[in-house]
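Note that our numbering gives residue 594 to position 82 of the sequence shown, counting from 1, and the numbers run on in steps of one.
Calculated directly from the structure, the hints in this document are not laboratory data. For glycine and all other residues, C-beta sits at the position ideal for the given N, C-alpha and C. Just to be clear, a hint being listed does not mean it is correct.
20 angstroms max Cα-Cα, derived SDA-like pairs, lysine to any residue [to be verified]: (1) LYS537 x GLN556; (2) LYS537 x HIS565; (3) LYS585 x HIS565; (4) LYS585 x PRO598; (5) LYS537 x GLN573; (6) LYS537 x ASP547; (7) LYS537 x GLN576; (8) LYS537 x SER551; (9) LYS585 x ASP599.
Computed Cβ-Cβ distance ranges for the label pairs, DEER-style [as the list claims (entries may be wrong)]: (10) ALA543 x LYS585: 43 to 51 angstroms; (11) GLU529 x VAL575: 21 to 29 angstroms; (12) ARG579 x ALA527: 19 to 27 angstroms; (13) VAL570 x GLU529: 47 to 55 angstroms; (14) PRO596 x LEU526: 49 to 57 angstroms; (15) ALA527 x PHE553: 44 to 52 angstroms.
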Amino acid sequence: MSPAPRDNPMRIRLAPERRERLVAKVQALFAQEFDGELSEFQAQRLVDFFVRHLGAPVYNQAVQDARAAIQTKLDDIEGEFYEPDPD
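Based on the sequences and whatever the hints tell you, model everything.
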């Protein structure tokens, strides 16, 4: 079941420190894997692209995984804590 649409969709925002680390990692990956250099601006654009296009699906999958894990625990709660009536 899909959630109801909202007027203001969630915007995934990275903390500045996390964004800087990701930019540096993208630059290092590009240098190591592709024998090339990316400017900081180019790496920032790639990080922005992936956050924009992958952020929501990954976030939504994490929410669904957490919901399923919690539901499994709730389903098990009766077996764990149920006390039968003495009668």
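Here is what the structure says about each hint:
For the hint linking LYS537 to GLN556, the alpha-carbon distance of about 11 angstroms falls within 20 angstroms, and the restraint holds. Between LYS537 and HIS565 the alpha-carbon distance is near 18 angstroms, which keeps this suggested pair within the 20 angstroms criterion. The straight-line distance between the Cα atoms of LYS585 and HIS565 is roughly 32 angstroms, outside the 20 angstroms bound, and the hint therefore fails. Restraint check for LYS585 and PRO598: not satisfied, since their Cα atoms lie roughly 26 angstroms apart, outside the 20 angstroms limit.
Restraint check: the Cα-Cα separation between LYS537 and GLN573 comes to about 24 angstroms, which exceeds 20 angstroms; the hinted pair is violated. For a cut-off of 20 angstroms, the pair hint linking LYS537 to ASP547 stands: about 14 angstroms separates their Cα positions. For the proposed pair LYS537 and GLN576, the alpha carbon gap of about 28 angstroms is over 20 angstroms, so the pair is violated. Distance hint between LYS537 and SER551 is fulfilled; the C-alpha atoms sit about 12 angstroms from each other, no more than 20 angstroms.
A C-alpha spacing of about 28 angstroms is found between LYS585 and ASP599, which places the hinted pair above 20 angstroms, so the restraint is violated. Take ALA543 and LYS585: their Cβ atoms lie about 44 angstroms apart, and the range 43 to 51 angstroms holds. At roughly 24 angstroms, the beta-carbon separation of GLU529 and VAL575 lies within the given 21 to 29 angstroms, and the hint holds. The supplied range of 19 to 27 angstroms is met by ARG579 and ALA527, whose beta-carbon atoms lie about 25 angstroms from each other.
Between VAL570 and GLU529 the beta carbon distance is about 20 angstroms. The supplied range of 47 to 55 angstroms is therefore violated. At about 51 angstroms, the beta-carbon gap between PRO596 and LEU526 stays in the expected band of 49 to 57 angstroms. Under the hint 44 to 52 angstroms, the C-beta atoms of ALA527 and PHE553, about 20 angstroms apart, miss the expected range.
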